[in-house]
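Line order of the protein sequences matches chains A and B. Residue numbers for the first sequence, in our numbering: 1 to 436. Residue numbers for the second sequence, in our numbering: 1 to 436.
Where hints are given, some of them may not hold.
[To be verified] Interface residues of chain A toward chain B, partial, derived using beta-carbon atoms under 8 Å: (1) 29; (2) 32; (3) 102; (4) 103; (5) 146; (6) 294; (7) 300; (8) 326; (9) 329; (10) 339; (11) 343; (12) 345; (13) 349.
Bear in mind the hints are in silico, worked out from the structure with no lab data behind them. Source: prediction; values computed, not measured. Where is the CB? At the ideal position from N, CA and C, for every residue including glycine.
Protein chains: 2
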Amino acid sequence: MRTTGDRATLKVVLLGCGVVGAAVYRLLAEQSADLSARAGAALEVVGVAVRDPGRPRTVTVPPDLLTTDAGALVTRPGVDIVIELMGGIEPARTLLLAALNAGKSVVTANKALLASHSAELHEAARRNNADIYYEAAVAGAIPLLRPLRESLAGDEVRRVLGIVNGTTNYILDKMDTSGADFGAALTEAQDLGYAEKDDPGTDVEGYDAAAKAAILASIAFHTEVTAADVYREGITQVTAADIASARTLGCVVKLLAICERSHGGVSARVYPAMIPREHPLAAVRGAYNAVFVEAESAGRLMFYGAGAGGQPTASAVLGDIVTVVRNRLAGLRGPDASTYAELPLVPIGDALTRYYVQLDVADRPGVLAPIADAFAQHGVSIKAMRQEGRGDDANLLIVTHTAREDDLAQTVASLSAMTAVRKVASVMRVEAEDDE
Amino acid sequence: MRTTGDRATLKVVLLGCGVVGAAVYRLLAEQSADLSARAGAALEVVGVAVRDPGRPRTVTVPPDLLTTDAGALVTRPGVDIVIELMGGIEPARTLLLAALNAGKSVVTANKALLASHSAELHEAARRNNADIYYEAAVAGAIPLLRPLRESLAGDEVRRVLGIVNGTTNYILDKMDTSGADFGAALTEAQDLGYAEKDDPGTDVEGYDAAAKAAILASIAFHTEVTAADVYREGITQVTAADIASARTLGCVVKLLAICERSHGGVSARVYPAMIPREHPLAAVRGAYNAVFVEAESAGRLMFYGAGAGGQPTASAVLGDIVTVVRNRLAGLRGPDASTYAELPLVPIGDALTRYYVQLDVADRPGVLAPIADAFAQHGVSIKAMRQEGRGDDANLLIVTHTAREDDLAQTVASLSAMTAVRKVASVMRVEAEDDE
């Protein structure tokens with residue numbers, strides 16, 4: 001830290017200058033007077049680490065600031081804050097540990113890293129009296145981690161239920177409005193730049209949402225949860241027929257991240273599920289994100305906004321930078337990630353959910369009884385059943401009450417094995433509906 | 001502060017033990033282990049100031065804690081935190097200034113006080129190295145002030161648009177769904193306890209919403225805005241016919257608090273306005289609150305939740321208490337209310353809005369031209385006009401493009417004076433719609 005005139009100047013380095021990095025660099029320059037008035041110190045960018053200094057960028061960075069040697073940057077004497085926007089586990093992990101060990105504070109948008117190495121990063125921050133902030137890692141611009149950690153610190157969070165991946169939301173939305181199948185909707189999302197051309201798997205297989213679920217669960221329940229702890233199903237198996245079935249039930253299909261207190265532990269899972277069309281999450285379109293939080297005293301809260309994109313993500317990064325500067329000027333650090341509760345993780349088999357099951361059955365007397373019996377034998381209560389005849393076949397639509405995942409899965413297995421059941425045409429979870 | 005075993009204990013006093021006070025008292029006891037793990041210190045309630053110690057309460061407070069002498073409580077040596085939940089300007093103002101001057105930190109839900117005496121309270125806090133937090137003062141349980149002040153500290157807020165008063169939202173919702181007029185809907189709200197029996201004016205005249213608008217505008221625009229600076233119209237003049245007109249236009253009527261950057265200054269206003277039925281704010285029902293925030297980089301964010309009630313408000317109070325405890329243990333205070341921008345206030349006449357105007361006119365040739373001319377002469381552009389004949393009369397529905405309030409008001413005055421216009425049947429602002 002250096003003082004010029006009556007206000008200190010803090011030195012900042014950026015790791016990565018892609019879409020988000022460029023937006024942060026530009027805003028740091030454009031907003032410098034406002035930022036300095038709000039944070040209490042001026043900010044000076046003294047280095048930007050990139051892979052290829054010659055690559056054209058959307059922002060003009062003076063050539064003498066660009067470097068490929070990120071390792072030297074994060075330990076450079078005089079640097080106060082390291083802003084990491086390169087993504088991925090390595091080399092980000094090694095660089096941020098080095099930065100923290102050198103006493104720098106860290107702001108990052110790296111969800112994969114935080115979802116897998118949160119404990120060691122927080123430990124390094126604590127040991128070195130430095131900060132680590134990462135609001136931008138979950139739900140882009142939406143203020144979510146700070147409200148969970150601070151505003152709700154006096155409440156008991158029961159459940160976090162959210163749409164936290166814009167790519168899959170865009171694809172499912174497209175399938176719903178146009179009747180397209182998954183492949184066609186993915187191609188369109190890729191053409192429009194909403195999904196990666198080379199490797200869409202991080203999004204469509206649910207890895208991105210699972211990382212965010214881990215971060216949310218950790219903060220909401222004061223318990224360390226990693227991405228590996230999160231049960232995960234992507235949307236690649238969702239068919240146009242599933243979407244049509246959802247429509248019949250007055251539902252839409254969304255990829256949900258669900259973190260909840262259950263059986264005295266924490267259940268964290270990501271999968272596509274039907275939600276009622278009148279639920280506020282059903283109205284979340286395209287690349288937007290929305291997160292429901294249910295807390296003991298506060299009741300139901302919802303946070304909504306842009307979940308990705310350079311500018312929105314940069315907004316969250318800059319908010320964190322202002323906080324880190326205020327903390328540094330005061331000679332202190334923000335509240336630690338609290339993991340005192342150390343709640344056990346609930347296996348997916350014990351999670352409580354509801355199922356929608358669609359069966360092609362023979363349309364003859366005596367078919368319904370053994371099917372109803374299969375549900376009853378596994379302790380799964382049927383909420384609604386509807387039969388539609390079509391010549392020799394009948395189409396049976398069943399919605400269950402809340403039950404254990406394992407019991408529901410075993411019910412479906414029993415149904416598949418029955419001769420009266422020609423085909424289990426569709427199976428999907430139903431969430432966000434109050435069960436009576 | 002006193003240390004027992006390995007954890008400090010902070011002493012807390014409560015001013016007021018009504019619905020919110022009782023909820024806070026109960027949660028402080030019930031959640032004490034969790035609160036102490038999260039805040040880093042145990043909390044001990046050492047006094048509760050009430051008007052009538054003999055009055056029955058929903059929570060059991062030991063008689064020796066109850067006192068009518070709030071003045072002695074707020075300066076009592078050893079007390080760390082004063083929680084004010086009595087409401088109203090005096091004696092709350094005098095008591096909180098005394099508390100701050102005695103070095104106590106303050107948590108309050110008092111919107112009227114913060115909207116009128118923010119500057120002197122923050123100044124007293126700063127001078128005495130104490131905190132003042134008041135998340136519960138606006139939108140109950142919804143984390144809103146902390147996100148605005150901290151998460152968006154690196155962004156430029158352009159607009160805050162919200163439903164921040166549950167009573168008026170309940171009444172307008174009732175009028176919309178049942179066709180009831182204002183009087184009948186108010187009586188029902190009073191019978192259900194949503195509106196005050198004796199003095200519903202604070203809510204229905206918009207004073208409560210205006211106080212919240214002042215607090216929101218101050219934080220969003222880094223400028224001191226008081227309740228007196230907020231233009232205010234309540235909902236007492238809203239008729240069943242207005243609600244029906246809104247319905248014809250695909251809109252609902254909501255009491256909105258609007259704070260925006262405009263003409264290089266800040267416009268803060270509260271009035272009933274039509275918003276499109278598909279806008280997310282239109283779906284906010286009953287006593288719920290929701291606030292839209294539009295920021296330069298973040299884009300559009302929405303915060304939604306319970307806007308009032310003992311438990312939800314207590315959730316926000318407890319979140320602030322945890323923050324104050326963490327700050328006190330670290331020997332510091334939270335970020336100050338920032339008023340560096342000192343933006344001028346835009347008079348209501350210069351505010352930009354759109355109008356819906358309904359006219360009863362004579363149904364004869366040549367009527368439309370002078371009416372259209374009245375709009376043109378005041379520089380107000382018409383977006384849509386529809387005429388419905390009824391015998392000798394015609395009903396003319398006009399929606400304008402965005403224009404200055406003064407120009408719109410003068411247009412309406414000109415229309416009223418025209419002989420062809422039998423009656424200006426309805427005039428209402430239209431908000432939350434993108435203008436083309």
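Here is how each hint holds up against the structure:
1. 29: For residue 29/A, the interface hint is violated, since the closest Cβ of chain B sits about 13 Å away, which is over 8 Å.
2. 32: violated (11 Å)
3. 102: violated (23 Å)
4. 103: violated (18 Å)
5. 146: holds (5 Å)
6. 294: violated (10 Å)
7. 300: Hint on residue 300/A: holds, closest Cβ of chain B at ~6 Å, below 8 Å.
8. 326: Constraint on residue 326/A satisfied, holds at 5 Å.
9. 329: Because about 10 Å separates residue 329/A from the closest Cβ in chain B, which is outside the 8 Å limit, the hint is violated.
10. 339: violated (10 Å)
11. 343: violated (12 Å)
12. 345: violated (19 Å)
13. 349: It is violated, given that the least Cβ distance between residue 349/A and chain B is near 28 Å, above 8 Å.
Hint compliance for this structure: hints 1, 2, 3, 4, 6, 9, 10, 11, 12 and 13 are not met, and every other hint is.
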